[in-house]
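Asker: The residues making up each chain are set out below.
2 protein chains.
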Amino acid sequence: MREVAVIGVGMTKFGEVWNKSLRDLFTEAGMKALINANVSGSKINAMYVGSMSAGRFVGQEHIAPLVVDYAGLAETHIPATRIESACASGGIAFREACMTVASGMYDLVVAGGVEKMTDISGGEATETLATAADQEWEGFFGMTFPGLYALIATRHMHKYGTTPDQLAEVAVKNHANGCLNPNAHFRRKITAEQVLEATRVADPLGLLDCSPISDGAAAAVICPLKDAHKFVEKPIRVLASGQGTDTLALHERADICTMEATRYAAKAAFAQAGIKPKDVDLAEVHDCFTIAEITAIEDLGFVEKGKGGKATEDGMTRLDGEIPINTSGGLKAKGHPVGATGIGQVVELVEQLRGEAGKRQVSGAKRALAHNIGGSGASCVVHILEVPE
Amino acid sequence: MREVAVIGVGMTKFGEVWNKSLRDLFTEAGMKALINANVSGSKINAMYVGSMSAGRFVGQEHIAPLVVDYAGLAETHIPATRIESACASGGIAFREACMTVASGMYDLVVAGGVEKMTDISGGEATETLATAADQEWEGFFGMTFPGLYALIATRHMHKYGTTPDQLAEVAVKNHANGCLNPNAHFRRKITAEQVLEATRVADPLGLLDCSPISDGAAAAVICPLKDAHKFVEKPIRVLASGQGTDTLALHERADICTMEATRYAAKAAFAQAGIKPKDVDLAEVHDCFTIAEITAIEDLGFVEKGKGGKATEDGMTRLDGEIPINTSGGLKAKGHPVGATGIGQVVELVEQLRGEAGKRQVSGAKRALAHNIGGSGASCVVHILEVPE
Chain A
120 MREVAVIGVG
130 MTKFGEVWNK
140 SLRDLFTEAG
150 MKALINANVS
160 GSKINAMYVG
170 SMSAGRFVGQ
180 EHIAPLVVDY
190 AGLAETHIPA
200 TRIESACASG
210 GIAFREACMT
220 VASGMYDLVV
230 AGGVEKMTDI
240 SGGEATETLA
250 TAADQEWEGF
260 FGMTFPGLYA
270 LIATRHMHKY
280 GTTPDQLAEV
290 AVKNHANGCL
300 NPNAHFRRKI
310 TAEQVLEATR
320 VADPLGLLDC
330 SPISDGAAAA
340 VICPLKDAHK
350 FVEKPIRVLA
360 SGQGTDTLAL
370 HERADICTME
380 ATRYAAKAAF
390 AQAGIKPKDV
400 DLAEVHDCFT
410 IAEITAIEDL
420 GFVEKGKGGK
430 ATEDGMTRLD
440 GEIPINTSGG
450 LKAKGHPVGA
460 TGIGQVVELV
470 EQLRGEAGKR
480 QVSGAKRALA
490 HNIGGSGASC
500 VVHILEVPE
Chain B
120 MREVAVIGVG
130 MTKFGEVWNK
140 SLRDLFTEAG
150 MKALINANVS
160 GSKINAMYVG
170 SMSAGRFVGQ
180 EHIAPLVVDY
190 AGLAETHIPA
200 TRIESACASG
210 GIAFREACMT
220 VASGMYDLVV
230 AGGVEKMTDI
240 SGGEATETLA
250 TAADQEWEGF
260 FGMTFPGLYA
270 LIATRHMHKY
280 GTTPDQLAEV
290 AVKNHANGCL
300 NPNAHFRRKI
310 TAEQVLEATR
320 VADPLGLLDC
330 SPISDGAAAA
340 VICPLKDAHK
350 FVEKPIRVLA
360 SGQGTDTLAL
370 HERADICTME
380 ATRYAAKAAF
390 AQAGIKPKDV
400 DLAEVHDCFT
410 IAEITAIEDL
420 GFVEKGKGGK
430 ATEDGMTRLD
440 GEIPINTSGG
450 LKAKGHPVGA
460 TGIGQVVELV
470 EQLRGEAGKR
480 QVSGAKRALA
490 HNIGGSGASC
500 VVHILEVPE
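If you're matching them up, the sequences are chains A and B in order.
Just so we're aligned, residue 120 is where the first sequence starts under the working numbering, counting upward by one.
Just so we're aligned, residue 120 is where the second sequence starts under the working numbering, counting upward by one.
Since the hints were made in silico from the structure, they are not lab data.
Here the structure is a predicted model, which is why all the values come from computation and not from measurement.
Hints may contain errors.
Quick list of in silico lysine to any residue cross-link-like pairs, SDA-like style, CA-CA up to 25 Å [said to hold, decoys possible]:
#  : chain 1 : residue 1 : chain 2 : residue 2
1  : B       : 151       : B       : 353
2  : A       : 386       : B       : 227
3  : A       : 151       : A       : 351
4  : B       : 278       : A       : 194
5  : A       : 426       : A       : 441
6  : B       : 278       : B       : 151
7  : A       : 345       : B       : 224
8  : A       : 386       : A       : 506
9  : A       : 162       : B       : 373
10 : B       : 132       : A       : 255
11 : B       : 429       : B       : 322
12 : A       : 386       : B       : 191
13 : A       : 395       : B       : 195
14 : B       : 345       : B       : 150
15 : B       : 308       : B       : 482
16 : A       : 395       : B       : 482
17 : A       : 478       : A       : 309
18 : B       : 386       : A       : 192
19 : B       : 139       : A       : 370
Using C-beta positions, here's what the derived DEER-type ranges look like [claimed, not checked]:
#  : chain 1 : residue 1 : chain 2 : residue 2 : range
20 : A       : 161       : B       : 282       : 17 to 23 Å
21 : A       : 307       : B       : 122       : 54 to 60 Å
22 : B       : 434       : A       : 159       : 47 to 53 Å
23 : B       : 157       : A       : 318       : 38 to 44 Å
24 : B       : 307       : A       : 120       : 32 to 38 Å
We treat Cβ as the ideally placed atom computed from N, Cα and C, and that holds for glycine.
With the hints as extra help, turn the sequences into a complete structure.
Answerer: Given below as structure tokens:
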């Protein structure tokens with residue numbers, strides 16, 4: 120298998136983008152990525168597109184050929200494939216794209232992700248998101264994602280002594296980071312008091328513990344590492360990719376505080392990379408709810424199981440901490456257009472590793488990890504990127 | 120890249136399967152494929168699952184981990200990825216699975232496809248299928264697939280003199296083949312008169328020109344060709360795979376009688392295989408409507424453009440013809456559970472190439488082609504399978 124590099128990234132602003140359609144969004148992100156990679160669209164060999172539920176959000180399935188069409192590339196007739204794995208759709212699309220380049224099958228591939236969520240009501244969007252949970256054992260009985268993560272949070276508090284203040288610190292930190300990101304959905308600081316006093320959504324999670332419903336798209340251009348310098352000065356190597364699954368329903372798991380899909384994917388990625396968690400300089404993790412960031416940093420091995428809350432409280436994951444987490448603002452503040460989220464993480468890491476992250480730059484960042492999960496952890500994909508020597 | 124083989128196939132009966140859920144269907148097909156391959160589920164490295172719109176048909180997205188879960192393999196945590204490309208979802212899932220084995224990444228992969236379409240009304244199902252067309256330029260204005268294919272049929276008749284009798288012959292032939300297939304949705308012969316006199320759906324297409332709305336699932340087990348004899352006596356080599364795209368909306372195409380995605384995918388597959396259309400002994404093609412089989416055999420190169428109707432009338436594509444087409448009964452009679460269709464085609468070809476197709480066996484079949492399209496031809500995937508020497 121060949122070594123693979125990201126040579127270009129692009130994204131739209133995440134947020135409630137009422138003046139742009141799904142096709143406008145992904146075309147914008149894709150064009151930005153191509154320009155960033157110094158590549159003409161006509162040179163692209165294939166595309167992978169992550170989207171969770173375009174069929175329900177905007178009444179449009181079959182969006183992979185639509186992406187090629189609206190990028191003005193219909194006459195090339197190149198293969199284009201949509202990946203759906205709930206909120207991990209984007210990350211898995213990136214993985215598939217990397218695999219086809221690594222295998223030697225293609226030389227230049229675009230991985231994109233898109234979701235247009237605000238064309239339907241918030242209630243309908245919540246119901247659509249719930250299709251990522253087990254419809255027969257969870258959704259049918261009225262369970263939605265805030266409820267599922269509230270169960271996890273409650274159990275984590277009971278088992279490890281994690282506190283509401285520690286959860287709140289995740290939101291406070293990610294909003295602080297989001298202020299520094301021009302593409303973030305929310306660019307305002309919040310305080311722990313605001314998080315703790317916000318309207319309850321599903322106790323112990325309040326409104327400010329939850330990531331928003333966002334529109335947005337992101338894209339990345341991938342080629343063999345050996346060819347990357349032909350296009351750009353600062354290619355970023357894709358060092359490793361790991362993917363895992365778990366039961367769809369929470370009640371089937373031995374321990375709902377541990378995401379086994381994350382552990383499996385991370386183990387595969389760290390083994391492929393030949394490094395350990397301590398060798399990672401920063402990470403984008405899947406903070407769809409504040410508790411999700413806590414379990415993620417535990418399951419990825421950045422801290423011991425049960426110590427994620429304390430580590431967060433102690434500032435370990437802040438921009439100036441030992442391992443900055445969600446420098447982009449994360450799903451919480453950057454926004455969470457579900458199918459785009461995994462690629463949005465890659466955009467942030469590439470900008471950080473190139474030293475182009477502006478006010479949120481992690482100084483000397485050489486190696487970074489992206490962690491993207493679907494649903495309440497039934498699917499997970501982990502990527503490790505680094506500055507090539 | 121390594122050579123790849125199919126070592127096991129399985130499918131449910133296609134039809135209105137009201138006593139089985141989506142998860143029952145794919146579990147049944149997957150178990151049959153594993154048993155057929157003499158493989159334990161615990162040895163599988165990864166899964167790819169094709170499904171067009173489980174989110175709208177049964178309110179369940181995120182079905183790839185669900186497949187692993189309900190196959191009893193959640194504890195393996197293996198990667199599982201859903202592919203969506205409308206009615207080509209199954210064929211592209213098969214392609215992705217083959218690619219990961221060819222690349223050396225995995226040694227044993229299951230490709231599956233599933234759709235449970237009859238839990239909603241026929242009207243709702245038609246509306247959901249229409250999400251595979253261009254929502255903004257076709258679906259929004261009330262266009263559905265019978266209408267789109269009626270435009271193609273009308274133009275084909277005008278341009279090439281194709282007749283209603285020739286279209287009817289496609290349905291008559293495929294129903295005759297379906298009678299010989301225990302898994303077919305329809306197992307009754309029909310006459311040309313019945314096709315011509317059937318209720319009009321979208322002129323010139325009547326009810327019997329249209330494939331049905333079906334439930335069903337199919338699966339295939341894939342491994343490197345060099346290892347295949349460890350599992351089974353008669354592995355089938357995957358000789359080639361090609362994938363292509365085209366504009367989503369019909370009005371953007373220079374010629375609606377030609378599916379450029381098919382031509383692109385076929386060209387790629389024939390080049391990879393190093394053979395010509397005349398070297399193929401039989402084919403399963405995407406006959407979602409009778410006209411679609413006519414354009415398919417033209418675009419695949421089995422007959423000249425414009426001569427598909429005449430060739431069909433002359434018996435070239437019958438079970439005892441020069442190149443038998445849709446020996447399984449095709450989408451028309453075997454049924455069309457959209458996400459499963461592409462894998463269902465592979466099941467038929469593997470049974471034919473093993474000499475296990477019973478009364479519909481094509482004698483001496485050594486090489487066969489599967490052609491699976493999405494929507495009105497915006498995506499297409501072509502596979503060529505053969506008996507290894």
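Asker: Tell me the numbers of any earlier hints that the structure contravenes, in ascending order.
Answerer: 6, 16, 20, 23 and 24
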